[in-house]
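Peer 1: Residue numbers (the numbering used here): 620 to 1487.
These are computed hints drawn from the structure, not numbers from a lab. Just so it is clear, CB atoms sit at the ideal spot from N, CA and C, and this is done for glycine as well. Where hints are given, some of them may not hold.
[Stated by the list, open to error] The calculated DSSO-like cross-link candidates involving lysine-lysine, where the alpha carbons are at most 27 Å apart (straight line), are:
#1 K1163 to K764
#2 K747 to K768
#3 K641 to K913
#4 K1048 to K1162
#5 K815 to K762
#6 K1100 to K1064
#7 K768 to K701
#8 K1272 to K1107
#9 K1039 to K856
#10 K1272 to K1162
#11 K1046 to K1162
#12 K1171 to K1039
#13 K762 to K637
#14 K1212 to K1081
#15 K986 to K1046
#16 K948 to K1212
#17 K1359 to K1344
#18 K1344 to K764
#19 K815 to K645
#20 K1039 to K1162
#21 K948 to K1081
#22 K764 to K637
#23 K1290 to K1163
#24 K1064 to K1046
#25 K913 to K1064
#26 K1444 to K762
#27 K1107 to K913
#28 K1171 to K1048
#29 K913 to K1163
#30 K1373 to K1391
#31 K1171 to K1228
#32 K1163 to K1039
#33 K986 to K1039
#34 K637 to K747
#35 K948 to K1100
#36 K1373 to K1359
[What the hints assert, rightly or not] Derived Cβ-Cβ restraints for the label pairs, each shown as a range:
#37 Q809 to E723: 41 to 49 Å
#38 A825 to G1372: 47 to 55 Å
#39 M994 to K637: 51 to 59 Å
#40 L1427 to K637: 40 to 48 Å
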Amino acid sequence: MAERKNRKRPPEVADLEKYRSKRDFKRTREPEGGIPAPSPAPLFVVQQHAARRLHYDLRLEAEGVLKSWAVPRGPSYDPGEKRLAVHVEDHPLEYADFEGIIPENEYGAGTVMVWDRGTWTPLGDWKKGLHEGKLTFRLEGRKLKGIWKLIRIRERVQEEFDEPPRDNWLLIKASDEETKGLRGLEVTAQEPLSVKTGRSMEQITAQKNAYWKGSREASPRKDQAPKPAPPPPRGTKAPWPESFFPQLATLVTRLPEGGPWVSEIKFDGYRLIARISQGRVTLVTRRGQDWTGKFTPLVRELSRLPVRNAILDGEVVVMNPDGTTNFQKLQNILRSANEKGLVYFVFDLPYYEDHDLTGLPLTERKKVLRELLTMYRERVPSVRYSEHVDQSGARVLRAACENSFEGIIAKRGDSPYVQKRTRYWVKKKCINRQEFVVGGYTAPKGTRSLFGSLVLGYYNEKRQLVYCGNVGTGFNEDSIKLVHERLKQLEQNASPFAPPLEDARNRDVRYVAPRLVAEVEFSDWTEGGHLRHPSFVGLREDKKPEEIGIEKETPPPGDEEKDQRPLSLPLVKGRDKEGLVREGVEELIIPIKLTNPDKVLYPETGVTKEELARYYLRVGGVMLPEAANRPLVLVRCPEGLSEDMRRNCFFQKHLRDDIPEGVRTTPIEEKGQVGLYPVVDDITGILSLAQFGVLEIHMLGCRADDVEHPDRMIFDLDPAPDVSKGRLIEATFFIRDFLKKNGMEPHLKLTGGKGIHIVVPLRPGMNWDELKTVSRAIALEMVRTRPEWFVATVTKRKRTGKILVDYLRNSLGASTIVPYSTRAKPGAPIAIPIDDSDLNEELLAEPVTLRNAVEWMKVLRREPSENS
């Protein structure tokens, strides 16, 4: 990676020798620490530690380590409480994940729990604050939030922490919004469980394998079976894919804020797909090149993973001592065949143990990936799990840029893996950085040897190579020699550019065949379409020149700016009996058996069961992120719709015996009884519901693996018959604006009926009682503010001329229509998410139906699931 001007970078990783000198790593599971793995934003962790004296360890990531303070009484939300915090030795970043037991006779012997973790943001210069003894920062954790202060005290009092007097500080909570209602409460007592495992200290202590009983170098007993790989999660059993294409991210003007987004570091290396099958490992670039021979050590390590088959998606890099990545060092290693220092960061697991995981949410795929790589980290030390933080936005990007990373990739945590460029993954760079085609070079000047600058271009829509500037900085002695050798082999008389070059400094250009791709950093574009302040980063061997165009930034998903890109719907690919993928829309193979495919389900329009199944195949890629892993409620019409819906259709909450293919159940206790709610995980489950005669799919406001905590708030706006469409739109925007002013991110959904849903994503942690209280208060506030518009009671005589703000869907057991589901109404209308700017009377007058849904999506010009 070229040296960047004005980019702050720590001179070296802080010393961990003091930490290591106190521990025998043959006896303790505590991490020894190495070159730190980067995280998208500086992390913090609070660990409860039952050593000789119970205390809490606050650790803040800085300079590749965890700066650490031991807090005897733990943190307090009361600004009047000043808690002693003893500054102790730095710990390695890996320690943030340590939970277990430190053996007897080892330093700090006792149980350790990950009590809280998240990200931290310094308010001001943290180095200066640490040196001067006053550090102010913001925490975004599961339990600790808001502004906190660490202040050094002069007295160096004796404390029972294994050593003589130390560097003593005070941990104080600043008075802010997070302290309201919490004064006097002990958060450590209110929140006693681990955020990593949900266990108590007693449960961790009782676990027999929570501590290391012997030497790490001890050989396993012959009768001891090797530790098996984690089992495959939910997913579709599928044959080994003969081809696989990586999912790519879209460049955006800014990262999305709020919602189900997670953030990962944008690495500065080569994207590689690792295909592991029956012990054989193949490494493939994003353009399909086989690079197995270039990374022999990684291949050897990956072959040690005890899996039958798997596809891993990640990036190979070379690490700097401060935890950043270095692209030029990576290129030097590849040229010299010295493969030491390579690290393969893996961020996705689309296929695993005979199961296609692409339909599962990203967070579930990463959970299995993390378990796999953590379990076998001693076998694969150079293959590392790519960490993420459960948030996105400007603060995460700023933290990454301040730590000299290339940028951030934000991903929807609930999204499937789609084998193309999508807006489920978006990226934002710290500085402008793109690839360009080399079309020539200029003669050297001054002290420069071999050549002066590279002449760059990109391909336009007419497939013409358009000149965009010269780059003459960023080279070192090795890269100049390497590039010059390649240029000499490609010299030609004809110019590859169209139109011909007119720049005065390019009159004596030596042209080359356009076969080299250079990665370049630059500050901006000039009005004439040239690069401003370009700097060479390296040659890209993994990119095809003919694919290089201008990478334009687009608004982020959910932005109020109108996205003018044509819609690209991700299709869910069906498979025939031999497992071959069919891609054409009309050729999509329905992967389940449909009985009576010609059965008419909607008599008024003639929609059949097969047509319903093919509709779900087309929209499955955007529907699954909303429907997967959620308790569902079904409206079944086995004989199709009739004039009397009550005669042919019925609601079904629970499944007992006849469970369709691809559908599972999750138990939920209601009113003292346990009901088994249906759950789907992939397109097979959705199609099985169509086969089952389901014309409406409703969902609960929580995930199946966490039914106690809702993740969205719903307001169902139900207008009385005499309310005009214009008034409904005006009222919708009134509530939307109120929610936005109060820090929420509301989105709109047409229900397929006469109403509108306002959907608000929730941060983790709220329970159902709290949600009902909040939603009721908001509904009543709307009635108080605009009594002539709104009503919050369902009594019909009170609703004339008004809109019911129905908040009662915000309780466990209540449900709302799934986005893209059909409705059991004449014409086969569907529920569809929309942007605020798309809401108009025309859209309300003509319902979106099964047969015009895809065309409507093209009119709306967006990927519909992003704001649902």
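Peer 1: Give a verdict on every hint.
Peer 2: Each hint, compared with the structure:
{"no.": "1", "hint": "K1163 to K764", "result": "46 Å, violated"}
{"no.": "2", "hint": "K747 to K768", "result": "14 Å, holds"}
{"no.": "3", "hint": "K641 to K913", "result": "40 Å, violated"}
{"no.": "4", "hint": "K1048 to K1162", "result": "19 Å, holds"}
{"no.": "5", "hint": "K815 to K762", "result": "12 Å, holds"}
{"no.": "6", "hint": "K1100 to K1064", "result": "16 Å, holds"}
{"no.": "7", "hint": "K768 to K701", "result": "10 Å, holds"}
{"no.": "8", "hint": "K1272 to K1107", "result": "71 Å, violated"}
{"no.": "9", "hint": "K1039 to K856", "result": "22 Å, holds"}
{"no.": "10", "hint": "K1272 to K1162", "result": "51 Å, violated"}
{"no.": "11", "hint": "K1046 to K1162", "result": "18 Å, holds"}
{"no.": "12", "hint": "K1171 to K1039", "result": "17 Å, holds"}
{"no.": "13", "hint": "K762 to K637", "result": "30 Å, violated"}
{"no.": "14", "hint": "K1212 to K1081", "result": "46 Å, violated"}
{"no.": "15", "hint": "K986 to K1046", "result": "22 Å, holds"}
{"no.": "16", "hint": "K948 to K1212", "result": "54 Å, violated"}
{"no.": "17", "hint": "K1359 to K1344", "result": "23 Å, holds"}
{"no.": "18", "hint": "K1344 to K764", "result": "42 Å, violated"}
{"no.": "19", "hint": "K815 to K645", "result": "25 Å, holds"}
{"no.": "20", "hint": "K1039 to K1162", "result": "16 Å, holds"}
{"no.": "21", "hint": "K948 to K1081", "result": "36 Å, violated"}
{"no.": "22", "hint": "K764 to K637", "result": "31 Å, violated"}
{"no.": "23", "hint": "K1290 to K1163", "result": "62 Å, violated"}
{"no.": "24", "hint": "K1064 to K1046", "result": "38 Å, violated"}
{"no.": "25", "hint": "K913 to K1064", "result": "36 Å, violated"}
{"no.": "26", "hint": "K1444 to K762", "result": "45 Å, violated"}
{"no.": "27", "hint": "K1107 to K913", "result": "24 Å, holds"}
{"no.": "28", "hint": "K1171 to K1048", "result": "12 Å, holds"}
{"no.": "29", "hint": "K913 to K1163", "result": "18 Å, holds"}
{"no.": "30", "hint": "K1373 to K1391", "result": "24 Å, holds"}
{"no.": "31", "hint": "K1171 to K1228", "result": "42 Å, violated"}
{"no.": "32", "hint": "K1163 to K1039", "result": "16 Å, holds"}
{"no.": "33", "hint": "K986 to K1039", "result": "23 Å, holds"}
{"no.": "34", "hint": "K637 to K747", "result": "23 Å, holds"}
{"no.": "35", "hint": "K948 to K1100", "result": "15 Å, holds"}
{"no.": "36", "hint": "K1373 to K1359", "result": "24 Å, holds"}
{"no.": "37", "hint": "Q809 to E723: 41 to 49 Å", "result": "31 Å, violated"}
{"no.": "38", "hint": "A825 to G1372: 47 to 55 Å", "result": "53 Å, holds"}
{"no.": "39", "hint": "M994 to K637: 51 to 59 Å", "result": "30 Å, violated"}
{"no.": "40", "hint": "L1427 to K637: 40 to 48 Å", "result": "59 Å, violated"}
This entry does not satisfy hints 1, 3, 8, 10, 13, 14, 16, 18, 21, 22, 23, 24, 25, 26, 31, 37, 39, 40, going by the numbered hints stated previously.
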